[in-house]
Amino acid sequence: MSSIITIKNLCKAYQRGSETVNAVNNVSLEVEQGDIVAIVGPSGSGKTTLVNILGCLDNPTSGELWLNDKKIFEAGLSLSEKELTLIRRQYFGYIFQKFFLLPTLTIKENIMLPEVFGIKADISEQRAAEIMDLLGISHRAEHLPSELSGGEMQRVAIARALITNPKVLIADEPTGNLDTKRTEEIKNLLIDLNRKQGITIILVTHNPELAQIADKVLFMEDGKIKE
Amino acid sequence: MNLLTLAYKNLKRRKIRTGFTIIGIALSTWVLVTLLGFNKGYEQSLNKDIDAMGFQIVLTAKGCPYEAATLMLKGGTGLRYITESLFDDINKDMEVSAATPMLMHAEFDPYKGENGGTIVYLGVDNKTYPQMKSYFEFLAGNWFKNANAREVVLGYEAAELEQREIGDMMLLTGSEEEFTVVGILKRTGTQDDGMIFLPLKTLQEVFKKQNLLTMVGIQLQKEVNATAYEDKLYEIPDIQVVSMAQVKNTIISLVKSAKVIVFSIAFIAFLIAVFGVLNTVLMSVFERYQEIGILKSIGALPKHIFAMIWGETILLCSGGSIIGIVFSYLFADISENLARLFLPFAPNGSLIMLSPEIIITAFTAITLTGVLGGILPAIRAAHIRPLEAIRSDN
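For the protein sequence lines, the chains are A and B, in the order given. Under the working numbering, the first residue of the first sequence carries the number 1, and numbering increases by one thereafter. Under the working numbering, the first residue of the second sequence carries the number 228, and numbering increases by one thereafter.
If you're looking for bench data, these hints aren't it; they were derived computationally from the structure. Glycine is no exception: its CB is placed at the ideal position from the N, C-alpha and C atoms. Some clues are possibly wrong.
[What the hints assert, rightly or not] Subject to a maximum C-alpha distance of 25 angstroms in a straight line, what follows is the list of computed SDA-like cross-link-like pairs (lysine to any residue):
#1 K372/B with D458/B
#2 K82/A with L231/B
#3 K236/B with L148/A
#4 K475/B with K236/B
[What the hints assert, rightly or not] Partial list, derived from the structure: chain B residues whose beta carbon lies under 7 angstroms from chain A:
#5 L233
#6 K239
#7 I525
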């Protein structure tokens, strides 16, 4: 298998007053195409910071990031917001703890939202219908988010992330707002997506049950990975 | 779905706030359209009223020029008189192409309306007056048969008020004689509609004003300089010379000062509306800080966010402007009646004249200003960094 994401000696430091916080401290890793990678660890260990850099939401302070064979970041090089967005459009889909669905759009409109932003992927009503079918929310297509349960809303958020055909799905605490039953549903869904669609998934979670689905579990502490 | 549809759906989230913002813009547009319409309508109606008089210059007995203007336009009380010999002198002047003598007489009629009212009679020369008022058209009948006839011609509204038809006999208030209605004029939209016309000599005799006149209407030869001729008339003692141009300018200058104040108020209302839009959209950007970050994370570029937020402003302003324009059409009559209550002088005809140019001007001014005001929130939204937005607590 080939690596879809490679990072080498990645660091991210923040200035908090006079103190420098090394949120990610000299981390190197490879994520293989089609893998599920779970990043776990205590709060403040740097999980989200790392995943934000992996997902091109943030620039690292130093180190290298490669997507496939393309070098995205290297020391001394910082990408603009627009450049980061263009990379994100090409590679990533995101799921967050909060669902962030637009309340006045129907479920179908929420899923097809990336089309409004001119993303040149195969976004069509048919594809939206296929994804909704896959995620079991077809019957909710014309409903508003307020009419859905938390689990259904997270499925819609996943569908919105999948509509652009992302190579990597980044899920930051995707079950953080869900009860046990819904968490189980989302867990199974992610496994299905990975197995049937071959999507690479990077998971940040506090939930050990959810982390069990991963091919590789990375434990983070003090900005470092302890495998 | 496109960005404008998305902007529209975003506005539906806070329906009450959006509604109030649109109402604010609509009210500003209403005020602006009505004022622009008034600006045009008042001047046009005044011109029409003055042109409809058929005279370039009117001579009256010396007195307050404003009173003289009112006398000519509405018919007044406390009239002063000039003698017929003055008319004879003016009529002989080579520079005058036509002149007509008039005697206005007002009588209080206790039975007119609820509390009584003044009836105005105008004695006119049956030869010269119809020539100068050549645009008069008769609904029925014609002018008087001779200069001493016991006959009346009624203006359109006077005929309706008195409920008279051709051939009816009419006892004139203030006299003990009956007169035959020989003509009813078509509506002119001027003060003449409410007038009761009698032959000059008859009016002088009935109301004992022999050889007296209240006005002389003058038309000059085409080549004559009106201002120079007016100067010549000023040399005649105890005479007030009122040129129609003067009347127009006097009234317009009276109204102009009122208009400045009203326009200032409208401008303030306009600014309040614009800041209302700015506040609404800016609040909406702050409230959706995280959401905008998410939109950027799923692929929205700054230009998309800018267009979405700007689209919301455009929809608010254009929607409000359209509603305001509809209001100004629907309530033009009410606005006109209110204006008539407060104006020192209101001409006949439509005071508020709405035209496509006015509508386009108001719509463009309001929408463009609102749209310019929307740039700031749109820029702020476009520059939201997705990572910071997602991390933020709100």
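Proposed proximity, K236/B with K475/B (alpha carbon, max 25 angstroms):
Since the Cα atoms of K475/B and K236/B sit roughly 53 angstroms apart, the hinted pair is violated (cutoff 25 angstroms).
Is the Cα-Cα distance between K236/B and L148/A 25 angstroms or less?
19 angstroms, holds
Given the hinted pair K372/B and D458/B, is their alpha-carbon gap at most 25 angstroms?
38 angstroms, violated
A closest beta-carbon separation below 7 angstroms is what the hint needs, so does K239/B meet it against chain A?
5 angstroms, holds
Going straight from one Cα to the other, do K82/A and L231/B come out at no more than 25 angstroms?
This hinted pair holds, its Cα atoms lying about 22 angstroms apart.
Does the interface hint hold: is L233/B within less than 7 angstroms of chain A, judged Cβ to Cβ?
Status holds, d = 6 angstroms.
With a cut-off of 7 angstroms on the beta carbons, see whether I525/B makes it to chain A.
Holds. Min distance 5 angstroms.
Comparing the model with each earlier hint shows violations of hints 1 and 4; every other hint is respected.
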